Amino acid sequence: MEKLGLDPGVVARARALAAEAGAPVVELARSHTTVSVERAVLRLAGVRGADSDGIPWVNRLVDAVRADVGLGHGVSVPVFAAMAREGIDDVTVLAQKAAAGAVTFGVPAKKVELVAARRAATRAANVGLKVVDRRRVERERLIKRFGDAPRRPWIYLIVATGDIYEDIPQAQAAARAGADVIAVIRSTGQSLLDYVPEGATREGFAGTYATQENFRLMRAALDETSKELGRYVRLTNYASGLCMPEMAAMAGMERLDMMLNDSMYGILFRDINPIRTFVDQRFSRQVHARAGIIINTGEDNYLTTADAVEAAHTVTVSQLMNEFFAHEAGLEDWQLGLGHAFEINPEVPESFRLELAHALLARELFPDAPLKWMPPTKHMTGDVFRGNLLDGFFNLVGALTGQGILLVGMMTEAVVTPWLSDRDIALQNVRYVLNGAGNLHEDFVPAPGGFIQRRAHEVLGEAVELLERIVADSMLTAIADGTFGIMKRPADRGKGLDGVARHDGDYFNPVTNALEGLR
Amino acid sequence: MEKLGLDPGVVARARALAAEAGAPVVELARSHTTVSVERAVLRLAGVRGADSDGIPWVNRLVDAVRADVGLGHGVSVPVFAAMAREGIDDVTVLAQKAAAGAVTFGVPAKKVELVAARRAATRAANVGLKVVDRRRVERERLIKRFGDAPRRPWIYLIVATGDIYEDIPQAQAAARAGADVIAVIRSTGQSLLDYVPEGATREGFAGTYATQENFRLMRAALDETSKELGRYVRLTNYASGLCMPEMAAMAGMERLDMMLNDSMYGILFRDINPIRTFVDQRFSRQVHARAGIIINTGEDNYLTTADAVEAAHTVTVSQLMNEFFAHEAGLEDWQLGLGHAFEINPEVPESFRLELAHALLARELFPDAPLKWMPPTKHMTGDVFRGNLLDGFFNLVGALTGQGILLVGMMTEAVVTPWLSDRDIALQNVRYVLNGAGNLHEDFVPAPGGFIQRRAHEVLGEAVELLERIVADSMLTAIADGTFGIMKRPADRGKGLDGVARHDGDYFNPVTNALEGLR
Amino acid sequence: MSIVRPYGDTTGDGMVQVSFTLPVTHDKRAEGAAIQLANKMGLDPAMLVHAKPMGEGFTFFVVYGRVTHLVDTEKVQVVERDYPLLSAKDVNAVIKRKLRRRLSVVGACIGTDAHTVGIDAILNVKGIAGEKGLEYYRELAVTNMGAQVSVPELVETARAQKADAVLVSQVVTQRDAHLQNTRAMTAAFREAMPAGKRPLLIVGGPRFDELMAAELGVDRIFGRGTTPREVASYLVHALLGDQK
Amino acid sequence: MSIVRPYGDTTGDGMVQVSFTLPVTHDKRAEGAAIQLANKMGLDPAMLVHAKPMGEGFTFFVVYGRVTHLVDTEKVQVVERDYPLLSAKDVNAVIKRKLRRRLSVVGACIGTDAHTVGIDAILNVKGIAGEKGLEYYRELAVTNMGAQVSVPELVETARAQKADAVLVSQVVTQRDAHLQNTRAMTAAFREAMPAGKRPLLIVGGPRFDELMAAELGVDRIFGRGTTPREVASYLVHALLGDQK
Ligand code: B12
Ligand code: B12
Ligand SMILES: Cc1ncc(COP(=O)(O)O)c(C=O)c1O
Ligand SMILES: Cc1ncc(COP(=O)(O)O)c(C=O)c1O
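As they're listed, the protein sequences go chains Z, A, G and B. Start counting the first sequence at 1; every next residue gets the next number (the working numbering). Start counting the second sequence at 1; every next residue gets the next number (the working numbering). Start counting the third sequence at 1; every next residue gets the next number (the working numbering). Start counting the fourth sequence at 1; every next residue gets the next number (the working numbering).
For the record, the hints were derived by calculation from the structure and aren't laboratory data. On a predicted model such as this, the values are computed, not experimentally measured, just so you know. Idealized CB from N, CA, C, for every residue including glycine. Some hints here could point you the wrong way.
Just the calculated beta-carbon pair ranges, DEER-fashion [said to hold, decoys possible]:
id, chain 1, residue 1, chain 2, residue 2, range
1, A, T381, Z, R176, 21 to 31 Å
2, G, R138, A, P349, 30 to 40 Å
3, Z, R493, A, T381, 38 to 48 Å
4, A, T381, B, Q77, 36 to 46 Å
5, G, R102, A, P8, 48 to 58 Å
6, A, A220, Z, V348, 31 to 41 Å
7, A, P349, B, P53, 44 to 54 Å
8, B, G146, Z, V348, 23 to 33 Å
9, Z, I143, A, D481, 21 to 31 Å
Looking at chain Z on its own, in the form it has when it is part of the complex (with noise of 0.2 Å):
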């Protein structure tokens, strides 16, 4: 049911003004590579281990390649033509001769040769991509056969305790508790590596590092929970930071369920370079979209920084950016859990009413995408009895707007990661909102022309002056003007910037080509 009674032309302008914005950036990604990519391209096509520093071979071999030939040929060619040349035929086995200097990488000259190099480059990608649509079948099986979710929205809780094998039994108490969907935390310092750790890992801080085997022993234990609670359990990790394309696709060959993944996450709050990012996000979205995987954006933390009644335009834009670099990537409109949030200061008169607008608008914007709906965490405070009040206010907006996935607020937010206890106390605050008032939303009907209606067009209405000027002076400038969350990221700065290169005109990258659906 519409109630918010916004203007089809304007909505229909802010999209076509947000492609026009988002065309320059999609040009950007088409025309560059990173190491990130390279190296998720090698990961599918079977490339695992690592040394014995914990350096991924993945990583020694794209080092490889880009001393002897830059990146720009892409290093699909030049790894399948020494492949051929060298007489080997595990890609593994090359990494780490390759490592060892044994290796010269170059594109073949002759046609015959550079055929053949792409060809078995496909063929090894496609077993990799083979794997991630074995994962997504196999997800809609066990959806099948285990039972979904009993309702929307779903229940969103985190695991954080930095150690793979203590956050295992906590995840499964979470299911058990009622948790729909579990996210691992990842450690504070993991985004900034430019290389993704090996293993299953028992040390991180505020999180556990994301590996593969990390996906697949919690994966392994939510299947076996699902299996015992008759319903599918979802498992999210974090795709954005230096690996985003790595990540993409080892969430894909691990089944995880959603993945983090915002176009600009990695450039305003972990200040990784704006073109690194962008070509990263469309690979990495690509893989998501192949893999039926359902990415969660992070306007979310722009209200953290921000003011969110200010800056509450920005997260519109945003997610209006997010929908086009999402459609353009391949996603469907069920894949797009666009993130906003809470975080309006309590004090504020009709703080309350403004969240219901904001939250409203989001939902009739994007009538078809989840949307992830994040809890206060800015004006939380240590009074953990209001903290767990706001949480309450919180899901009762996220009840009566039509949230598709509701993250667990917790009263600690302001203290420490989730208690074992915290959880508990916040699920329970979920059960009674959901139980007691899940359906008032029948009987929710803001005022015609009233403070909420009127405060929807508003916004959108500055989401739209706002896509005008971007449009104007470019997303790149609007990002280094400090646009989004107050943080100023200029295009030439920031983390990771070394692992861009530009295409050159033989560019070949068999995993886009099959995404894109390219021969």
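With the hints as your guide, set chains A, G and B with the ligands onto chain Z.
Here is chains A, G and B with the ligands on its own, set in the frame of chain Z:
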């Protein structure tokens, strides 16, 4: 704005049935008096103080009159006839003499003496009533001078230390923290005392004795604080109990602003005899009407012993009866703080919407009454985090349905009488809800024919049915059968029945006459 | 393992939450005072996460931290149920067989306490938590005196009904009202009846410490969440001995 | 009066609230264990008012009760502000007069910590709580390095900017990350620069214990709710001495 679409015919029928059911009770009340009614008359007529055992002189005097001539004539004529006869012009002195056995009482046989006694009694009683009138004018003046509570609902906080001198600073602190109304909870034993204790008191259990001096002390302290805060802070105490009429008289003379006064609370929850209660209740309400005091009824209590969903219609029936009795006693709509409560088991599906339906029904049935909205108590547990959450949703229902008087719920409801910090946390809760969602009622429009409307109609329908049964069987039978709060209270049982007397033909009561506008 | 510590999010982390008010005006010293108290309670380190001035001269604090105390579960003192839990049928059967008359039970809320919901839950047919109350037991003769019963009335009724057991409820605890009333009650029974003739004395209510029975002079205390079956089973156990 | 006790609703009642989880399955013994812990924390009597099983083998408890501890406000240890609070104007004037060049300040979040809001509140013009940040002070030269700065980078920048003071923020505390990072930072400065040449080392963040400065090797710690003026005033006090 009408939100429930109640059928005015059904509403009118409910009121007509309540009048029909109430008529015999009013008849009972009009034809009986009680020791406390007579004591109240003497208090207004000027009897003050207590003997050395703490037994008030009014008690001694009424007992003496009763021993000599019974109560059927009222005590006024015997007392003022004795005054004339003994040449005493201070009625307290007479009481002291009577207590010493030095006076005998009778109804004068001579017409002139009778007329003289009636006239003297009337004059004396009018002195008391003048005090009451002056207090009422004074209240109106102070509200004008200091300003009134800044908004509806009025925020109502209790103090309950047991010691008037601890209560005072706590009450002042509560007022400074935002309370619009302070209620001094009474010691657990007091309502069954057939006398009113004297003087300032410092030892009560879970509450402080209601005495005229305590009333005075607290009102004076709150006047100070009202001045300081620039808003008139109201004071509440309890009429209910064996001394209802006297409490009403004292409250009128000490400018209390609201009084707990239910037509059945004493019967049901203190096992006071039904006839005693109905007689006392009528007189006390006549005094409240004169004093401009707002009464608070006690339907909320039913839901602590009966189930809040099953028994919802008993609350409605009781509100209708309370309204009928109140109007009959001269109270106006603005004086009717009809009670109801947020007591549905939070585990019940749609509990919150059911609460909304019930609260809105009360609102729309009694559009001009302030309504007293009571917080959850029965389903509060030692889980104080959950407790604060429930209180928040209670506050929200209060805001959404325009309740007039909001009793502030405490997270420690199931644990202790409120601590200082509990009150602070509770007020913060109220403030958050009113500030953030106080106008949300504009956006809350129960779906036509939807859950909330259906439930409200259903409860009203059940109330009409129950009223029909009560009309058929009589109120006293209904009370005997456990209709209200599942408490079975036969008319010939319960405390205080021996304090009731049927009027003789010459019954005379100068206060009733004045209040009923008779001569 | 018998030694455990509180658990925040990792085994052995010892984490607890504490809140309290101190009668001091809020400033740095007040926060230091709060930490001092938390330290005395065994929190080390103590994290002061919230401080809020309340009225004049009072500050409310929330503190989180690790307690150094260990909990030895072997040393825990509790009143464990030391009798078998019987069905209503079995209770009736035992009484019929062993007593050969109905067992007389008198219940009341004494003093000024008017909270009858608890004792009613135990006595009335309706019961609680899906269990029927003692009135439902054919072989029990129940007299429920209701609320605000004085001790002399209770003793009188117990005598009149030849009570085998007296069940008293106390809910209000402010200024230890429940303890005072219970002591007054047991004293009265001791005075009124010789040891052998005295009914079994039982008190219940949500805030009693079940370990205090001897101290209060009662035979048994029932706390929060008691169900009628537990009480019935205890009655036959205590009055009629071993069930074999 | 220097001795106070917690206040529930009466002076001296000593009442506090406590909650925690024990790694035990919920039953009577578990409740007894919770009371044992509360007793060890000094609650006597301890009222167990809530117990809830959570998952397998864990129970959450809420306990209320009277603590026997006394708080001696005279013995409270706090880092009191031992310098005058100056206005921006005065700060600028003192620097101009005594230092005769701009005072150089380098700020950063070190380690993997990316919480810049706190340090930005101190440094950026925007400031916090109505006070402008240090960038606003004409006589301060501020270099804000942002988040996730490594210790070697920080030392390098401090050297390059001839920093008079280095301001480091640490918000994440899990596994004592803030303490480890701070120790690593002070060690690096000690190693890189001789005592006289070392900038003033300051850390801040909401979960630091301000008493730990010496232990961590820093000159000063700023906690929850610090404002820029406090920091600026401290800087001139510590670097330029008495203001007369
Ligand atoms: C319902 C209620 C009332 C009703 C009582 C109706 C009635 N007929 O009982 C009314 C509205 C009348 C009332 C009035 C008052 N109440 Co009241 N009331 C409550 C409330 C909300 C629920 C109590 C209840 O019914 N619990 C459910 C029953 C089933 O549980 P239970 O009593 O614990 O009983 C179980 C066990 O304890 C045990 N048990 C209990 N007794 C016995 C006896 C035996 C022999 C055995 C074997 C077992 C047993 O078995 C039972 C079943 O499991 C509580 C708050 C709360 N949520 O707990 C406040 C509460 C008990 N009331 C309180 C107070 C102070 C009052 C008043 C003085 C004023 C006020 N604040 O409202 C008045 C005066 C009462 C008086 N003179 O005693 C305080 C007591 C504070 C304290 N610890 O001292 C409480 C805690 C509220 C508060 N925080 O202020 N109250
Ligand atoms: C905003 C925020 C974020 C933003 C940060 C954006 C940014 N650019 O800073 C984002 C969304 C990116 C984020 C991410 C994460 N966060 Co975060 N975040 C918060 C949040 C909500 C608010 C912090 C804040 O901005 N406070 C406001 C500022 C002004 O206060 P302040 O930092 O205390 O600073 C004041 C004083 O302490 C002092 N001060 C501080 N530093 C300094 C330095 C000096 C020199 C001086 C003099 C004074 C000083 O002065 C300041 C002004 O008064 C808190 C929860 C909360 N409500 O506190 C969690 C919180 C800090 N985050 C946390 C965590 C774990 C994370 C994540 C790891 C994952 C997650 N749970 O989200 C990631 C990764 C971050 C990383 N790598 O460091 C935890 C930390 C737990 C712990 N104690 O270890 C918290 C407590 C939330 C929680 N309960 O889980 N977060
Ligand atoms: C979109 C997105 N990606 C990633 C993260 C977390 O990233 P990191 O692992 O860098 O802390 C967040 C923050 O919660 C996010 O919103
Ligand atoms: C109408 C009414 N009267 C009186 C009381 C309290 O009476 P007592 O003093 O008997 O506890 C209540 C209970 O809160 C009430 O609702």
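Verification of the supplied hints:
A C-beta distance of roughly 22 Å is found between T381 of chain A and R176 of chain Z, which places it inside the suggested range of 21 to 31 Å. Checking the proposed 30 to 40 Å range against R138 of chain G and P349 of chain A shows it holds: the Cβ atoms sit about 37 Å from each other. Taken as a hint, the range 38 to 48 Å is violated for the pair R493 of chain Z and T381 of chain A, whose Cβ atoms sit roughly 55 Å apart. Between T381 of chain A and Q77 of chain B, the C-beta spacing of about 38 Å keeps the proposed range 36 to 46 Å intact.
Against the hinted window of 48 to 58 Å, the Cβ-Cβ separation of R102 of chain G and P8 of chain A comes to about 57 Å, which satisfies the hint. One distance hint, 31 to 41 Å for the beta-carbon pair A220 of chain A and V348 of chain Z, holds here, with the actual separation near 39 Å. Between P349 of chain A and P53 of chain B the beta carbon distance is about 23 Å. The supplied range of 44 to 54 Å is therefore violated. Between G146 of chain B and V348 of chain Z, the C-beta spacing of about 29 Å keeps the proposed range 23 to 33 Å intact.
As the Cβ distance of I143 of chain Z to D481 of chain A is approximately 55 Å, the hint placing it in 21 to 31 Å is violated.
Checked against the numbered hints above, the structure breaks hints 3, 7, 9 and satisfies the rest.
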